[in-house]
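S.K.: Take these sequences, add in the hints, and give me the full structure.
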Amino acid sequence: MAAVIETHGLSKVYGDVTALDSVSLSVEEGALFGLLGPNGSGKTTMIKVLTGQVRPTGGYATVLGLDAEKEGIRVRERVGIIPEQESPPSFLTAMEYLEFVGAVRKIPDIAERAEKWFDILEFRDKKDVLCKDLSRGTRQKLMFAQAFIHEPVLALIDEPLINLDPLMQDVVKEFLIDYVRKKNTIFLSTHILEVAEEICSGFAILHRGKLLHAGSVADVTAGGGHLPGFFLSLVRKGGHA
Amino acid sequence: MPDLFSCLMKEEWRMHSTMFGSISFALFPVMIFGIVFMGSFLLPLLSVAFPAGDLAFLAHASFLLLGFMVGGFGLLGNEMMNRRFGQASLLVYSSRNLPLSERFIFTNFVVKDIVYYFFLWVLPFGGGYIAASPFLGIPLSRALLLLLTLSLSFLLGLCVVFLLSSLYVRSKTACFLAVIVPGIAGGVYSAWSGTNPALLFPPYLLYSGFSWMTFLGISIAIAALFTASVVLFSPEGTGSTRTYGRMLGRLAKVLSFLPQSPIVAKDFLDLSRSGIGIGQALFSFLIPLVVIWFFLSLLESSLPPHGLIVIFSLTTGIIASTIYTWVTEFDSFGPYSCLPLSVSTLIAGKMTTFLLLQALPAVFIGAVTGMSSGPEMVAPAVVLCISISVYAASVMAFLCGLFPGVLVYDVRVLFTYLVLDGVALAILAAISFASSLYAFLSVFLLVPAYLFSRAAGARWDARDTAGV
Ligand SMILES: Nc1ncnc2c1ncn2[C@@H]1O[C@H](COP(=O)(O)OP(=O)(O)OP(=O)(O)O)[C@@H](O)[C@H]1O
Ligand SMILES: [Mg+2]
Numbered sequence: 001m002a003a004v005i006e007t008h009g010l011s012k013v014y015g016d017v018t019a020l021d022s023v024s025l026s027v028e029e030g031a032l033f034g035l036l037g038p039n040g041s042g043k044t045t046m047i048k049v050l051t052g053q054v055r056p057t058g059g060y061a062t063v064l065g066l067d068a069e070k071e072g073i074r075v076r077e078r079v080g081i082i083p084e085q086e087s088p089p090s091f092l093t094a095m096e097y098l099e100f101v102g103a104v105r106k107i108p109d110i111a112e113r114a115e116k117w118f119d120i121l122e123f124r125d126k127k128d129v130l131c132k133d134l135s136r137g138t139r140q141k142l143m144f145a146q147a148f149i150h151e152p153v154l155a156l157i158d159e160p161l162i163n164l165d166p167l168m169q170d171v172v173k174e175f176l177i178d179y180v181r182k183k184n185t186i187f188l189s190t191h192i193l194e195v196a197e198e199i200c201s202g203f204a205i206l207h208r209g210k211l212l213h214a215g216s217v218a219d220v221t222a223g224g225g226h227l228p229g230f231f232l233s234l235v236r237k238g239g240h241a
Numbered sequence: 242m243p244d245l246f247s248c249l250m251k252e253e254w255r256m257h258s259t260m261f262g263s264i265s266f267a268l269f270p271v272m273i274f275g276i277v278f279m280g281s282f283l284l285p286l287l288s289v290a291f292p293a294g295d296l297a298f299l300a301h302a303s304f305l306l307l308g309f310m311v312g313g314f315g316l317l318g319n320e321m322m323n324r325r326f327g328q329a330s331l332l333v334y335s336s337r338n339l340p341l342s343e344r345f346i347f348t349n350f351v352v353k354d355i356v357y358y359f360f361l362w363v364l365p366f367g368g369g370y371i372a373a374s375p376f377l378g379i380p381l382s383r384a385l386l387l388l389l390t391l392s393l394s395f396l397l398g399l400c401v402v403f404l405l406s407s408l409y410v411r412s413k414t415a416c417f418l419a420v421i422v423p424g425i426a427g428g429v430y431s432a433w434s435g436t437n438p439a440l441l442f443p444p445y446l447l448y449s450g451f452s453w454m455t456f457l458g459i460s461i462a463i464a465a466l467f468t469a470s471v472v473l474f475s476p477e478g479t480g481s482t483r484t485y486g487r488m489l490g491r492l493a494k495v496l497s498f499l500p501q502s503p504i505v506a507k508d509f510l511d512l513s514r515s516g517i518g519i520g521q522a523l524f525s526f527l528i529p530l531v532v533i534w535f536f537l538s539l540l541e542s543s544l545p546p547h548g549l550i551v552i553f554s555l556t557t558g559i560i561a562s563t564i565y566t567w568v569t570e571f572d573s574f575g576p577y578s579c580l581p582l583s584v585s586t587l588i589a590g591k592m593t594t595f596l597l598l599q600a601l602p603a604v605f606i607g608a609v610t611g612m613s614s615g616p617e618m619v620a621p622a623v624v625l626c627i628s629i630s631v632y633a634a635s636v637m638a639f640l641c642g643l644f645p646g647v648l649v650y651d652v653r654v655l656f657t658y659l660v661l662d663g664v665a666l667a668i669l670a671a672i673s674f675a676s677s678l679y680a681f682l683s684v685f686l687l688v689p690a691y692l693f694s695r696a697a698g699a700r701w702d703a704r705d706t707a708g709v
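If you read the protein sequences in the order shown, they are chains A and B.
Per this note's numbering, the first sequence starts with residue 1, numbered consecutively.
Per this note's numbering, the second sequence starts with residue 242, numbered consecutively.
Derived by calculation from the structure, the hints in this document are not laboratory data.
Warning: the hint list may mix true and false statements.
[As the list claims (entries may be wrong)] For lysine-lysine, the following DSS-like pairs were computed, each having C-alpha atoms within a straight-line distance of at most 30 Å:
id, chain 1, residue 1, chain 2, residue 2
1, A, LYS182, A, LYS127
2, A, LYS173, B, LYS494
3, A, LYS182, A, LYS70
4, B, LYS494, A, LYS127
It should be emphasised that the depicted structure is a prediction, and the values quoted were computed from it without experimental measurement.
M.R.: And the structure:
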C-alpha cells in the first residue's frame, strides 16, 4: 500500500525549543493512525508542519505526494484539518461558517452536505446561532463537520473528542472507524490512550519532539498488553534517557 | 492592584517584544524623541510661514487626535478583547479564574494602555522638544508647559471617546445624544459669537496663559470623564443568544465579481453584527475628523487658497487608511489556517473589504468639501483623500501584513512607514497648494499602492502562517 504521509528527519525548532527532533515516519493509506505523546511533545506541531501551516527547520514531509512545505495550499485543499483549539468565526452562524468553508473549498452542494452533518452530530437546533453563542462542545462539532464536509481522502485531526460528551464521543469514534473503511486515512493526535487502543490501527509515540516508537496497535495488544502500559513504560524510560 | 498592574505591563512588553525583538520595541520612543528633537530645529524656518502659535495649536490638535484614536476602550467587551489578542490567554481574562472583578481588571488594563501610550508617544515627543529648547532659545518653562498641556490634550481626547464608547455599548441613543447635544450647542455658540469653538479647547488655553484654576478644572474634568467611563463600561455586552438566517452564501454570490468574495462577505457580516463597523466609524473616524476640522480651519489664514481643504483631505486620507486596521485587528486568523487560504489571499480579501469601505471617507470628504469650499473642489478633494488612503494602507499591508496594530511599534516598520507616507504627503500637499487641479495627479499613487499590496502577499506568504 502507498504511504499517504511520509516524513524524513523532520525537525522544527522554535527559538530554543525543539518541538520536533528529526522525525521519520510513514503512514499507509487506509490507516487510522494515532499520534500519541505527553503534553508539549510536538503532536500539534507535527500536524501544522504536515499541513504547511508551519515551516520545518530541517528534513521534509510529503503528504499525498505533495511537498508539505512548498505546496501547503494544495495539501490543505485535499485534506481536512481539525485544529487544536481554534473556534469558528464569532459572528457567523454555524450554517454560515459551513457555507464559508464551502465557498473557499468550492463545494457546490454545501447546503445539503451541511444538513447531513447537523444530523450526524445532532446540532440541527443550533445551526442558525452565532458561533460565539455556541457551547464549547457544539463548536467542536462544527469544527469536526468543517474538516470532513468535503470528504477528504486524508484528515489530520487534533484532539477531536475534546469537550464532547460520552455519547457523542461514541458517534465520532464510529464515524472515524467507518471512514477509514472507505480507503480514507485519518491522522489522529490524542493523549487519550484508551481511545487510541480502541480505534487506531497504527500509532507513533512522540516524546520531547523525538519519535520513540512507531508500529501497529495489534502488535502491542497481541500478547495481552495494553497501549496505556506500553506508553507509560516507554515514556518513563525516554524521560530518563 | 500594583501586582496586577505590573503584570499587565510586563505582558504588554512581552507581547510586542516577542513579535519583533525587545530592541526594536525599546527604540520606538527613542525614535520619536529623535524625530521631534531634529524637527524642532526646523521651527525657526517653519515660523516664517506659520505663526508659532499655529504650530503649538497644531501639536495640541494632533495629541487630541491621538487620544481620540486610542480611546475606544468602551468597545472592548470580552469579544473584542478576544479578537484583538487572539486565542492567547491574557491577564485581562483572568476574572474568569481569579477572585477579581471584571471592572477592576479592566480599569487596570486601561490605565496600563494609557501609561504605555504616554511613554511611547507623548513623553518622547515632549522630551524631544524640551531637549531642543535650549538651542532654540525657548525658555525651559515653556517647553515643560507644552509637555503638560499636550498630555492633557491627549488625556482629554482619550477620556471623551472612552466615555462615548462605553455609552455606545449601553445605549446607542444615549451616545447619540451625548454627541449631538454638545455638537449643536457648540455650533449655536460659534454661530452666535462668531468664534471657532476649537479656540476654547482648554489645554490650548492653558498653554496660551497658564493658570492654576484652568489646570485644576481640566484635571477634574478628565478624572470625572474617566470615572464615568469605568462605571458605565459593561464587560458582557448584550447577553442574548442571537440567531440569523443564511446570509453569507447569498452575500458572497452578490459580491462574486470581487476577488475573495467569501472573505469580503464574512468581513461585512462580521463588522455589522459585532457593531465594530459602526463603533469604529463613529469613534475612530467621524468624531475625530469633525473635531479636527474645527482646529484646522483656524489655520486657514496662514494657508494658500484651498489649502485648508487640501490639508483636511490628506488628514482624512491618513485616518481613512487605518480602516485597514479595523478589518484586520478585529479578526482572528486561527480559523482560516485549516483552510486552503494563503496569507496573500487573506491580505487580498482584507484589501478588498478596505477598498469597499472607502465609500465612507469618500462621502464624508465630499460632503465637507461641498459645504465648505463649493462643488468645484469636491472631485479633487475626494481623489486626493482616497488616493493617499489606499496608498498608505498598501504600505501598511506590505510592512505589517495582517498585524498592523502590533507591528507599528517596531521602529524599523514605523520609520519606513513614516518615510514612505511622509514623502507622498509632502509632494501632494505642495502640488495641490499650487493648484487644486494638480490634486488629480494623486491618482498616480495608485501605481505604487498596487505594487505594495502585490508585494505584501509575496512577503507575508514567505512567513509561517500560524507562526505569529
Ligand atoms: N508558536 C510557538 N512558539 C514557540 N514554541 C512553541 C510554539 N508552538 C509550540 N511550541 C513549543 O513546542 C513544543 C511542542 O508543542 P506542541 O503544541 O506541538 O505539543 P503537543 O504535543 O501538541 O502538546 P499538547 O498535548 O499539550 O497539545 C512545546 O514545548 C511548545 O511549548
Ligand atoms: Mg497539542
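S.K.: Checking one constraint from the list: CA of LYS494(B) to CA of LYS127(A), max 30 Å. Satisfied?
M.R.: Distance ~21 Å between LYS494(B) and LYS127(A) Cα, so the pair holds.
S.K.: Would you check the hint for LYS173(A) and LYS494(B), treating anything up to 30 Å between C-alpha atoms as holding?
M.R.: At roughly 36 Å apart (the allowed maximum being 30 Å), LYS494(B) and LYS173(A) break the hint.
S.K.: Can the restraint linking LYS182(A) and LYS127(A) be considered satisfied, given a maximum Cα separation of 30 Å?
M.R.: holds (28 Å)
S.K.: Regarding the pair LYS182(A) and LYS70(A), is the alpha-carbon distance no greater than 30 Å?
M.R.: holds (29 Å)
The structure fails to meet hint 2 from the earlier list, while all remaining hints are met.
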